[in-house]
Amino acid sequence: MFEYAPAPESRDIVDIRPSYGLFINGEWVEPQGEERHKTINPATEEVLAEIGWASETDVDRAVQAARKAFTTWSALPGAERAKYIFRIARIIQERSRELAVLESLDNGKPIRESRDVDLPLVAAHFFYYAGWADKLAYAGLGVDPRPLGVAGQVIPWNFPLLMLAWKIAPALACGNTVVLKPAETTPLTALAFAEICRQADLPPGVVNIVTGAGATGAALVAHPGVDKVAFTGSTEVGRQIARTLAGTRKKLTLELGGKAANIVFEDAALDQAVEGIVNGIFFNQGHVCCAGSRLLVQESIAGDLLEALKRRLATLRLGDPLDKNTDIGAINSAAQLAKIRELSAAGESEGAERWSPPCPLPDRGFWFPPTVFTGVAQSHRIAREEIFGPVLSVLTFRTPAEAVEKANNTPYGLSAGVWTEKGSLMLWTASRLRAGVVWSNTFNRFDPASPFGGYKESGYGREGGRHGLEAYLDWNHR
Amino acid sequence: MSERLVVRKTYKLFVGGAFPRSESGRSYVVTSAKGDFLANAARASRKDARDAVAAARKAFPGWSGATAYNRGQILYRVAEMLEGRRAQFVAEVVQADGVAAKKAGELVDAAIDRLVWYAGWSDKIGAVLGSANPVAGPYFNLSSPEPTGVVAVLAPPMGPLLGLVSVIAPVIVTGNTCVVVASERAPLPSITLAEVLATSDLPGGVVNILTGHQAEIAPWLAGHMDVNAIDLTGATPELAVTCEESAAENLKRVLRPPAGPVDWLVDPGTERMAAFLETKTVWHPIGT
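Chains A and B are the protein sequences, given in the same order.
Position in the first sequence (first residue = 1) + 23 = the working numbering.
Position in the second sequence (first residue = 1) + 73 = the working numbering.
Hints were generated in silico from the structure; no laboratory data involved.
Where is the CB? At the ideal position from N, CA and C, for every residue including glycine.
Warning: the hint list may mix true and false statements.
[Unchecked claim] Here's a subset of chain B near chain A, in silico, CB distances under 7 Å, partners left out:
id : residue
1  : GLU76
2  : SER204
3  : ALA205
4  : ASN214
5  : LEU324
6  : ARG326
7  : GLU344
8  : THR352
[Unchecked claim] Just so you have them, the derived chain B footprint on chain A, three or more residues with Cβ under 8 Å:
id : stretch
9  : 251-264
10 : 466-475
Construct the entire structure; sequences and hints are all you get.
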């Protein structure tokens with residue numbers, strides 16, 4: 024392995040305030056609740072800022088602001104709404120390096136990913152939906168689709184700004200106003216986005232950001248002034264939200280957990296498959312709901328594939344997220360690290376074989392080495408539960424039918440991967456996988472034009488593409 | 074000469090293509106709109122509901138894997154069979170709803186026409202709801218609708234034939250299979266419809282029909298972990314809330330009851346089909 028000199032991206036480009044309030048009606052306001060929490064850099068445990076957590080009263084204020092703004096925002100011609108969203112997209116491009124550094128500081132992901140994946144996709148998402156704002160009548164959702172009202176949106180910590188973009192861009196394009204709650208461990212880029220809304224002269228109240236944890240999110244989704252709820256996060260919380268919304272007229276979309284199978288057939292291009300497996304489970308430290316966390320490899324090539332995979336994993340660089348050569352950054356929080364450790368320990372105690380490349384871990388911060396479990400049975404917890412970390416479970420199969428059966432043997436259905444050089448086998452497999460996204464001979468590709476979302480307990484509704492508009496429009500009226 | 078005594082029909086359930094009685098041995102009295110005795114309908118139990126779900130699950134791979142053309146042909150065949158029994162259905166609708174024969178005729182005609190309308194959707198809905206997505210990179214990227222799976226359907230109390238056909242056809246034309254809880258008040262046309270389905274080349278288990286008390290059967294379906302979606306069209310407001318809460322357990326897709334009374338004669342649009350479809354997006358690199 025080559026030696027690399029440290030190549031850290033400068034953090035001087037970001038200007039983090041010591042403390043943040045809530046962004047309501049275009050203004051920074053102090054939360055009425057007493058709770059304030061620190062957000063930290065998971066790579067160093069250094070405190071980055073103090074964050075006010077919104078109480079029920081604060082959430083109510085934000086929803087009222089959004090309600091008030093809805094009247095004028097929804098009445099604006101689509102072409103004018105589009106221009107605001109285009110403006111936002113441009114400002115994100117202009118400030119993309121700053122936002123990438125901020126994201127890596129707050130989240131722990133490598134700068135290479137925040138800079139080359141997250142931020143370009145964020146800007147692209149706003150560009151994509153900006154263009155829809157004045158074309159909604161052509162979206163195949165009736166001749167007069169109407170906005171729903173106020174969208175209450177709750178997003179996770181794994182792709183903080185990208186998930187914000189997936190939520191806010193289509194909501195605004197369709198004429199809705201928004202109250203968004205970022206995750207408690209990664210609020211900083213959402214708060215920076217509030218500043219971007221001000222730079223874009225977005226009318227006050229169209230976007231409101233309330234920071235906090237579960238209680239803030241629960242208050243938001245239960246608020247009677249909210250017409251639409253969009254949530255990305257765990258299946259357990261998704262269930263609770265679905266229960267809360269029972270009997271209301273609120274529209275709901277959920278993007279929840281996953282336990283994706285990545286199927287490698289014996290005729291696959293081995294080196295490409297290895298890259299796809301690595302990208303599938305070690306991208307973003309495996310903090311990816313659609314991660315290819317179950318490798319299903321055909322028995323005849325299992326030995327060769329695992330050998331090549333282990334060779335490749337030995338070259339991954341774990342460490343400072345701001346270093347441009349880093350492949351694997353920090354685990355986002357102590358709580359998540361504890362969960363990954365617990366499930367990995369269960370993998371060992373249930374009889375699977377654990378392997379990690381030699382990989383020194385930094386002394387401070389939250390870290391977990393890339394890990395592969397072989398000899399995994401379908402009944403093992405590491406084959407059934409979402410680990411949300413850099414841990415791959417390897418299972419084998421003999422026939423295509425067995426591969427499909429094992430792949431579908433999960434309550435989840437978000438994504439799947441298929442590796443084969445045979446087109447007919449690829450399409451046969453893809454058509455039988457009960458999953459919303461199937462990557463064949465690739466993995467973890469995203470695009471604003473491509474719908475994303477799950478089958479079964481991975482949730483419902485789609486984000487991205489024309490399909491993503493359905494969630495933010497009332498198109499059932501006749 | 075004495076008048077000939079009519080041979081009455083025993084109304085049973087329709088599960089897996091067969092017509093069993095309720096395993097519970099129970100029945101309940103069904104009366105006409107005027108209050109006259111019509112029949113003792115089967116009163117389905119929790120176990121009947123489970124059997125129906127098992128039958129629907131068993132039928133799902135074959136039905137969802139059938140070609141869209143084939144499903145369209147079969148739905149059209151159902152319309153043909155219904156047309157052939159038009160007089161029988163008119164008589165049943167008159168009894169159930171107390172409407173005049175002329176009005177009942179219009180409703181039966183509309184039910185037949187609705188089946189023909191949905192039959193034609195089988196091989197078109199994919200083109201309307203799917204898309205080839207222009208992603209920013211060298212990838213082929215295609216989104217297509219796929220059936221959700223097993224759908225529980227609470228049929229509307231009003232419209233014992235037209236309402237029933239209007240909730241079943243959009244679910245099955247796209248490849249779902251279903252368990253229908255018939256109108257509690259007027260279940261008899263649903264079992265006669267089952268006779269039509271049973272003679273239309275529709276594979277057994279694609280449509281399963283239970284009669285009985287919706288409030289008793291529906292919660293078991295709403296909480297059943299092998300049911301993927303639930304249509305609450307016929308549920309009372311209280312039952313709808315209970316069922317939606319139970320449905321959250323395995324994140325069933327829920328079609329809530331309509332906000333007001335439904336005019337089943339109006340063009341239904343694609344909404345009911347879309348409610349029970351998933352979107353699958355397949356990526357593949359483009360290269361040499």
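Quick check: which numbered hints come out false for this structure? 1, 3
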